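Colleague: Now for the letters of each chain:
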Amino acid sequence: NAGVTQTPKFQVLKTGQSMTLQCAQDMNHEYMSWYRQDPGMGLRLIHYSVGAGITDQGEVPNGYNVSRSTTEDFPLRLLSAAPSQTSVYFCASSSIQLPGVWRSSGYTFGSGTRLTVV
Amino acid sequence: GNSVTQMEGPVTLSEEAFLTINCTYTATGYPSLFWYVQYPGEGLQLLLKATKADDKGSNKGFEATYRKETTSFHLEKGSVQVSDSAVYFCALSETANYGGATNKLIFGTGTLLAVQP
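Listed in order, the protein sequences are those of chains A and B.
Using my numbering, you'd call the opening residue of the first sequence number 1 and step up by one each time.
Using my numbering, you'd call the opening residue of the second sequence number 1 and step up by one each time.
Please keep in mind that the hints were generated in silico from the structure rather than gathered at the bench.
Computed from a prediction, not measured in an experiment: that's the story for all the values here.
Glycine residues also receive a C-beta, built at the ideal position from the N, C-alpha and C atoms.
One thing to keep in mind: the hints can contain errors.
Said to hold, decoys possible - Not close to chain B: a few residues of chain A, all C-beta gaps over 10 Å, as computed: (1) Lys14; (2) Gly63; (3) Ser94.
What the hints assert, rightly or not - Under the rule of at most 25 Å between Cα atoms (straight-line distance), these lysine to any residue pairs were calculated in the SDA-like manner: (4) Lys9(A) - Lys68(B); (5) Lys9(A) - Leu112(B); (6) Lys104(B) - Gly40(A); (7) Lys104(B) - Gly16(A); (8) Lys56(B) - Gly41(B); (9) Lys104(B) - Val88(A); (10) Lys68(B) - Val101(A); (11) Lys104(B) - Lys14(A); (12) Lys56(B) - Thr108(A); (13) Lys60(B) - Gly51(A); (14) Lys52(B) - Ile96(A); (15) Lys52(B) - Lys9(A); (16) Lys68(B) - Trp102(A); (17) Lys104(B) - Val118(A); (18) Lys9(A) - Glu69(B); (19) Lys9(A) - Gln45(B).
To be verified - If you want the footprint, here are the derived chain A segments under chain B, 3+ residues with CB under 8 Å: (20) 16 to 28; (21) 72 to 85.
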């Protein structure tokens, strides 16, 4: 089925370890983004990309890196995991918004990665 | 800046009760408005959307009307079921400086709905 695929679904890390959360989409969407979801805080944007080779920071980028070498993939790297990064991470994608067009199509979300840092 | 404010939860209802989840927004331009639903252990799914003033989005018995005069997009359902128990997120599309929407969505904090049999 077409959509956004995230792996792994669950992960436990020790403080200081690094890891990569994978995200892949097969809808040829130019725009991809990473959010974290924490209780009482809703969704907060970590990083986003408007196309291969182009990435930018969101609201809470510290401690995370991203790259976009292909249209399909947008991995999120935790450089040195901290307990404050315990969260549920969601990847989302959409077609690129054309300049001057007000109608927005919204996102397709992956099913999430639940990360615990101990 | 742009923002979305949702009513705090949890909202607890009995089956077949009427549901309203309030959502108000602050935004420049003419944002598109969305409701997403998150069932336990799953990602967010688009429930409905409206892209201009007075539009009504609807899906699975849920409805929401884009009210520009009150900057609101309240979610309603006439008769809830246990299977509607989930977290509901209101969201809007940010506006570009040159006009039009951007790809960035701003989300509310979510409202947990618990429906009891």
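Colleague: Hint by hint, note whether the structure agrees.
Modeller: Hint check results:
1. Lys14: holds, 25 Å
2. Gly63: holds, 21 Å
3. Ser94: Violated, because the least Cβ-Cβ distance between Ser94(A) and chain B comes to about 6 Å, which does not exceed 10 Å.
4. Lys9(A) - Lys68(B): violated, 39 Å
5. Lys9(A) - Leu112(B): With a Cα-Cα distance of about 22 Å, the restraint between Lys9(A) and Leu112(B) holds, given a limit of 25 Å.
6. Lys104(B) - Gly40(A): holds, 21 Å
7. Lys104(B) - Gly16(A): Given that 25 Å is the threshold and the Cα spacing comes to 31 Å, the pair is violated.
8. Lys56(B) - Gly41(B): violated, 29 Å
9. Lys104(B) - Val88(A): Holds: Lys104(B) and Val88(A) sit about 19 Å apart, inside 25 Å.
10. Lys68(B) - Val101(A): holds, 18 Å
11. Lys104(B) - Lys14(A): violated, 32 Å
12. Lys56(B) - Thr108(A): This hinted pair holds, its Cα atoms lying about 21 Å apart.
13. Lys60(B) - Gly51(A): violated, 34 Å
14. Lys52(B) - Ile96(A): With a Cα-Cα distance of about 19 Å, the restraint between Lys52(B) and Ile96(A) holds, given a limit of 25 Å.
15. Lys52(B) - Lys9(A): With Cα atoms ~37 Å apart, Lys52(B) and Lys9(A) exceed 25 Å; violated.
16. Lys68(B) - Trp102(A): holds, 15 Å
17. Lys104(B) - Val118(A): violated, 32 Å
18. Lys9(A) - Glu69(B): violated, 42 Å
19. Lys9(A) - Gln45(B): Distance ~17 Å between Lys9(A) and Gln45(B) Cα, so the pair holds.
20. 16 to 28: This one is violated; 0 residues, fewer than the three required, reach chain B with a Cβ under 8 Å.
21. 72 to 85: That given contact is violated, which follows from only 0 residues of the segment 72 to 85 of chain A lying within Cβ reach (below 8 Å) of chain B.
Hint compliance for this structure: hints 3, 4, 7, 8, 11, 13, 15, 17, 18, 20 and 21 are broken, all remaining hints hold.
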